[in-house]
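Residue numbers (the working numbering), protein chains in the order written: chain H, 69 to 341; chain V, 372 to 694.
These aren't lab readings, by the way, just hints derived from the structure by calculation. Check each hint, because a few of them may be wrong.
[To be verified] Derived Cβ-Cβ restraints for the label pairs, each shown as a range: (1) H:313 / V:568: 40 to 50 Å; (2) V:668 / H:310: 47 to 57 Å; (3) H:69 / V:432: 15 to 25 Å; (4) H:163 / V:432: 25 to 35 Å; (5) H:113 / V:379: 44 to 54 Å; (6) H:341 / V:659: 34 to 44 Å; (7) V:420 / H:149: 30 to 40 Å.
[Said to hold, decoys possible] Listed below are the simulated DSS-like cross-link pairs for lysine-lysine, each with C-alpha atoms no more than 27 Å apart in a straight line: (8) H:314 / H:325; (9) V:510 / H:117; (10) H:214 / H:202; (11) H:83 / V:570; (12) V:587 / V:374; (13) H:242 / H:136; (14) V:374 / V:578; (15) H:136 / H:117; (16) H:325 / H:117; (17) V:381 / V:578; (18) H:136 / H:314; (19) H:83 / H:136; (20) V:510 / V:520; (21) H:83 / H:117; (22) H:202 / H:83; (23) H:117 / V:587; (24) H:74 / H:117; (25) H:314 / V:510; (26) H:117 / V:570; (27) V:374 / H:325; (28) H:74 / V:578; (29) V:570 / H:74; (30) V:510 / H:74; (31) H:325 / H:74; (32) H:242 / H:214; (33) V:577 / H:74; (34) H:325 / V:577; (35) V:587 / V:577.
Cβ atoms here follow ideal geometry from the backbone N, Cα and C, with glycine treated the same way.
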Amino acid sequence: MIFDRKPVMVQVTRKTVHNPGFVTLFFDLAIDFQPGRFIMVWLPGVDEKPYTISYHGPERFGITIEAKGRFSRQALSLSPGDWVGIRGPFGNGFDIIPSPHVAVVAGGCGMAPLAPLVERLDPNLYFVHGARTKDFILYPQRFAVKRHFTTDDGSLGHRGFVTDLLAAEIRRRKDQAQPQFDMVYACGPEMMMHAVFTLCEAHGILCQVSLERYMRCGFGVCGACVCSDQVVCTDGPVFNSDQLQKMTDFNRTALLKSGQPVALSEYVSWRCQ
Amino acid sequence: MDKFLGIQLKTPLVLASGILGNNAAILSRVHGAGCGLVTMKSIGPARRDGHNNPTVIDLGCGMINAVGLPTPGYDNMDAEWQALSDRDFPLNASIYGGSVAEFAEVARFVSDQGPDCIEINISCPNSDHHGMLFGVDEKAAHAVTAAVKRVIDVPLIAKLTPAAPDIGRIAKACEDAGADAICAINTAGPGMVIDIEAKMPVLAFKKGGLSGPMIKPIAIRCVYDIFRAVSIPIIGLGGVTTGEDALEMFMAGASLVGMGSAVRYRGIQVFDMVNRELNAWLDAHDTTREAVIGAAHHLTGTPTHEPVSIKKDRSSRDRKDTP
Numbered sequence: 069m070i071f072d073r074k075p076v077m078v079q080v081t082r083k084t085v086h087n088p089g090f091v092t093l094f095f096d097l098a099i100d101f102q103p104g105r106f107i108m109v110w111l112p113g114v115d116e117k118p119y120t121i122s123y124h125g126p127e128r129f130g131i132t133i134e135a136k137g138r139f140s141r142q143a144l145s146l147s148p149g150d151w152v153g154i155r156g157p158f159g160n161g162f163d164i165i166p167s168p169h170v171a172v173v174a175g176g177c178g179m180a181p182l183a184p185l186v187e188r189l190d191p192n193l194y195f196v197h198g199a200r201t202k203d204f205i206l207y208p209q210r211f212a213v214k215r216h217f218t219t220d221d222g223s224l225g226h227r228g229f230v231t232d233l234l235a236a237e238i239r240r241r242k243d244q245a246q247p248q249f250d251m252v253y254a255c256g257p258e259m260m261m262h263a264v265f266t267l268c269e270a271h272g273i274l275c276q277v278s279l280e281r282y283m284r285c286g287f288g289v290c291g292a293c294v295c296s297d298q299v300v301c302t303d304g305p306v307f308n309s310d311q312l313q314k315m316t317d318f319n320r321t322a323l324l325k326s327g328q329p330v331a332l333s334e335y336v337s338w339r340c341q
Numbered sequence: 372m373d374k375f376l377g378i379q380l381k382t383p384l385v386l387a388s389g390i391l392g393n394n395a396a397i398l399s400r401v402h403g404a405g406c407g408l409v410t411m412k413s414i415g416p417a418r419r420d421g422h423n424n425p426t427v428i429d430l431g432c433g434m435i436n437a438v439g440l441p442t443p444g445y446d447n448m449d450a451e452w453q454a455l456s457d458r459d460f461p462l463n464a465s466i467y468g469g470s471v472a473e474f475a476e477v478a479r480f481v482s483d484q485g486p487d488c489i490e491i492n493i494s495c496p497n498s499d500h501h502g503m504l505f506g507v508d509e510k511a512a513h514a515v516t517a518a519v520k521r522v523i524d525v526p527l528i529a530k531l532t533p534a535a536p537d538i539g540r541i542a543k544a545c546e547d548a549g550a551d552a553i554c555a556i557n558t559a560g561p562g563m564v565i566d567i568e569a570k571m572p573v574l575a576f577k578k579g580g581l582s583g584p585m586i587k588p589i590a591i592r593c594v595y596d597i598f599r600a601v602s603i604p605i606i607g608l609g610g611v612t613t614g615e616d617a618l619e620m621f622m623a624g625a626s627l628v629g630m631g632s633a634v635r636y637r638g639i640q641v642f643d644m645v646n647r648e649l650n651a652w653l654d655a656h657d658t659t660r661e662a663v664i665g666a667a668h669h670l671t672g673t674p675t676h677e678p679v680s681i682k683k684d685r686s687s688r689d690r691k692d693t694p
């Protein structure tokens with residue numbers, strides 16, 4: 069089912085607390101979905117924000133929320149039985165390539181939209197996940213496929229960036245004359261996604277990344293989420309290499325609530341308030 | 372090529388203010404998709420964030436919105452004005468203010484940035500302090516139009532609200548004050564949608580303007596009334612999503628037709644689609660757009676040709692991605 073008009077009120081049926089900063093709320097509702105699409109989540113009297121679907125089954129779905137600003141902290145405190153309004157799903161979702169030669173690169177809560185994608189990709193994928201520390205690794209037990217970790221402090225896996233591992237793997241495939249990646253999927257901080265894109269461009273590898281912008285309507289009319297000439301809520305949120313090459317606002321500019329374009333760093337600090 | 376207020380337009384279609392117009396790149400894309408005149412989001416006197424979400428909800432038969440006039444403020448848009456100075460498309464700059472003086476202050480600055488025309492938004496229902504008051508009172512409409520006209524050197528368009536008891540009289544007041552064209556209508560209402568489970572209005576601002584197919588008959592009636600009241604050209608908009616809707620608007624008296632909510636239902640490409648549908652109908656009836664403007668005012672109208680069915684692609688872009 070699609071619920072892209074007036075919000076549909078649904079009850080939280082289950083809540084998983086991953087750690088103090090991340091929870092997943094589950095709802096018993098059959099909703100059409102492709103990995104990478106998102107819903108608008110309304111907390112009556114508070115606000116409405118876009119969240120990707122991080123778990124999806126025939127009769128149930130879940131959204132994973134990171135404690136960041138006013139809205140997410142309220143959402144984090146919800147309990148089973150509490151009501152929220154949802155609209156969606158909106159957006160395009162990832163283009164799933166049926167190849168064993170794909171990579172998934174997740175940074176922090178960028179893991180959320182990638183998790184249902186990992187479950188649909190070939191199990192031989194190359195999978196990297198970076199976080200601040202071991203404690204911030206989302207879904208530590210979720211996947212059967214091997215995951216390579218990076219942390220800022222070295223508390224789990226490689227100490228450094230996800231692109232360190234991705235670059236090494238690209239080089240290894242080249243040096244050992246193994247098939248190169250047909251696609252690299254990435255979601256995380258925009259600076260990280262841009263680093264993945266730049267690395268892929270240097271090696272002629274295609275990639276898809278999922279962008280985040282302040283949104284209002286979710287269905288491509290209000291223009292709040294424009295990034296260059298692309299409307300993130302309907303043309304995206306997933307963009308491929310061809311599109312990213314032309315999007316000069318990528319990793320550079322985003323609009324504040326007023327519509328004012330600012331440097332991405334200023335936008336990010338506003339979004340974390 | 373169509374000509375409107377001396378501006379060359381590649382099609383008679385206009386992007387409604389408040390739809391997409393947040394940067395030069397997206398305005399250029401809309402123009403590339405078949406829109407003759409693109410309109411910027413309304414520019415106000417000072418930075419304003421607009422309302423919290425939910426701000427825009429699709430009701431199926433149209434939308435309800437209370438975005439709340441977000442704006443960086445006219446003097447805080449240097450990069451945008453710079454990007455727009457190199458444009459290769461006609462640009463309509465929508466402006467608003469909370470007083471006649473504020474309207475004039477914004478208009479003077481914006482005029483210097485070189486838009487092809489300026490549209491005064493005297494009709495927005497979504498703020499407690501801006502806009503609509505001017506659009507429901509003849510004296511106020513006259514005063515703000517005259518004040519803006521004095522300080523700009525590009526054509527002036529007055530955007531009107533269907534909330535006016537007699538929209539023809541408001542249009543006439545604007546014409547008398549120097550308006551070069553009328554744009555009608557802004558959103559109708561305001562209306563309200565209450566969620567019965569949440570037991571509260573869905574929009575954070577509680578009430579919001581109605582747009583899309585559900586308001587088309589109101590828009591057609593308003594344009595019809597305005598056409599009888601003024602001699603300046605009219606941009607007709609409100610619920611137009613197909614070529615047939617556009618023809619209805621032309622026959623009511625519009626010279627150009629605007630679209631906004633239609634982008635929700637048929638995507639940005641709606642401009643190309645409506646152009647094709649419009650031209651197919653005109654060709655099949657062996658007539659021209661100029662000839663049908665105001666046709667509904669001739670009381671002896673008879674069919675000039677057997678009705679034809681126009682092939683329409685109404686597929687919703689949002690649904691096609693879904694398995």
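- Query: Against which earlier hints does the structure fall short, listed by number upward?
  - Reply: 6, 9, 13, 14, 17, 18, 23, 25, 27, 30
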